[in-house]
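**Student:** So the sequence lines, in the order shown, correspond to chains A and B. With the numbering used here as the guide, the letters of the first sequence map in order to residues 143 to 413. With the numbering used here as the guide, the letters of the second sequence map in order to residues 51 to 379.
Errors might be hidden in some of the hints.
[Stated by the list, open to error] Pulled a few chain B residues facing chain A out of the computed Cβ check, cut under 7 angstroms:
1. Asp-266
2. Val-267
3. Gly-271
4. Ser-277
5. Met-321
6. Arg-324
Just so you know, the hints here were simulated from the structure itself, not pulled from any lab data. C-beta: ideal position from N, C-alpha, C; glycine also.
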Amino acid sequence: MIAVADLVVSYPAASGNAVDGVTFVAERGRLTALAGPNGSGKSSIVKALLRRADTPRGIASLDGRDVRTLSHVELARSLAVVPQREETAFPVQVRDYVALGRYPHLGLWRSPSGEDELAVDEALQHAGVADLALRDTDALSGGEWQRVRIARALAQKAPAIVLDEPTTFLDVAHEMAIFELLYSLSRSGLAVLLVSHQLNLVARFADTIILLDHGKVAIRGTPSEVMRADRLEAIYDWPVVVSRDPAVGAPSLVPLRRPFQISDPKQPHQK
Amino acid sequence: MRRFRAWYWLALGAALLAISVIAVASGAVNVPLGAVIDALRGHGDPTAIAIVRDLRLPRVVLGALVGAGLGASGAALQGALRNPLAEPYLLGVSGGAAVGAVIAFAFGATSDAVITLAAFVGGIAAVFIALAVARVGGRSTRTDMRTLLIAGVIVGSFANAAIMVALANASPNNIRGALWWMMGSAVDATWSRAGWLALSLLVAGGALVYFAREIDVLSLGEDAAASLGVGVERAGRRAFLISALIAAATVAAAGLIGFVGLVVPHIARAMGLRAHRPLILASALVAATLVVAADLAARTVDAPTELPLGAITALLGVPFFLIQLRRIA
């Protein structure tokens, strides 16, 4: 279980707090989505979970243990993360790349055991990339690369997994495939925390949505509770309607077009 | 790829051995292969024994060790900094070592041990200055690897300026010594020098091989590495320091020998190696072979004039790097 209590994240250069007193839990067996506009603090929470951000107040914990009290290896065994960006400087063979997910489980000589090899095979299978095992990472399409990165996280065999915008740049089919995979992972007992700004997709898959705005939790609840036009309009500062998708019954956000005007569309925030 | 591994290591080792034997046999006096083997065992012509054992063999061994150090250091740094253009000298090591050596020359030091030590201390000092600068730039307790790279370049430039100042005040004789050193050479090879370098390589190189897996993880980027259980800042600094230590030891032993640490890891990657443990080892072997060959060329091509070894490696390295660059682009 990933839990965040009254968490504050601040950056040395910034004036305000990137995350300002956020509290939520992502339980095992559930798909929890962290949504919100750009710059609302989603990725900062991921950084705080990895202890890569200053947290002057509050606690981020995994299964009840404050992340700041864990060793590097303990942290990696409790939480797998697929970061938003990952610049591999040099291409690696997919299987070797996924095998890096076993790093926190390696012994003193850091040589993989039979158990490690097995975990890598399982992860490749589970993420549906077993047939890519012998390819180099620079020869993958966007969708394949994202799946391979998820496979690496699965090889970690952690009870919780965080994915930061895993479907950016993917087309509809690949996007859906990734979301289905994440859903199945949650149903297999993992605590899945999905960071995404794609509300409509999130509304179809997530058990709980936590919608952030300016570093605070704006709304939380089930998709139907969160997807309300009045509140989304205030958060995104854009006129919207929420309809129910006739085919699948999930709430769906439709941003409206504004009447044509010459002035800058980014008007000051009205509150 | 995996199936070729065994013969492939054999081939790399055989290439180093072959070039070493050729290098020991050739020179102003060519010693036939049989005589080389006899001389190594202490039999035969005393002149041949002296040439092989006291002149050429220490030189070949020193060249191989310098190459191995530069190759391993370069491979580790490129991975840890995630930068294909990183090389052992980029981080202020060479500049700092040169400052140390040139200051020693300028003060009229002639003792080999003093100059070597001065270069080593200078190189290490530069690395710590670069680390300190990177911290200031990072504005927090975290050492950003990109800032570190820039800091190293800045420290290197500063060192170059300091060298100019020191040389302006040096006697012509000392200037020649300093220049020769800055162009790199294995001409002053002795067994004690080779021994010290071998010892430091064994320790530091062993550490690099041990931490190679950590470098694999580091090369994924900072957030990914942190999520896999690596203390990113500490691991990065560690890889950086060990690599710098090796580089400083090689510079102290043979001066500045450019391009080897930059180019050779790319050769090893072109051979299909990816993980850093084999990559570091293969880079060491290839670089050792390359430097022994370059040193052989340095003393035979324009004999009896000896060419600077650093210039030869650069002459060989630049075209190769251009070919690589074309292939990447």
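**Student:** Okay, which hints does this one fail, numbers in order?
**Tutor:** 5
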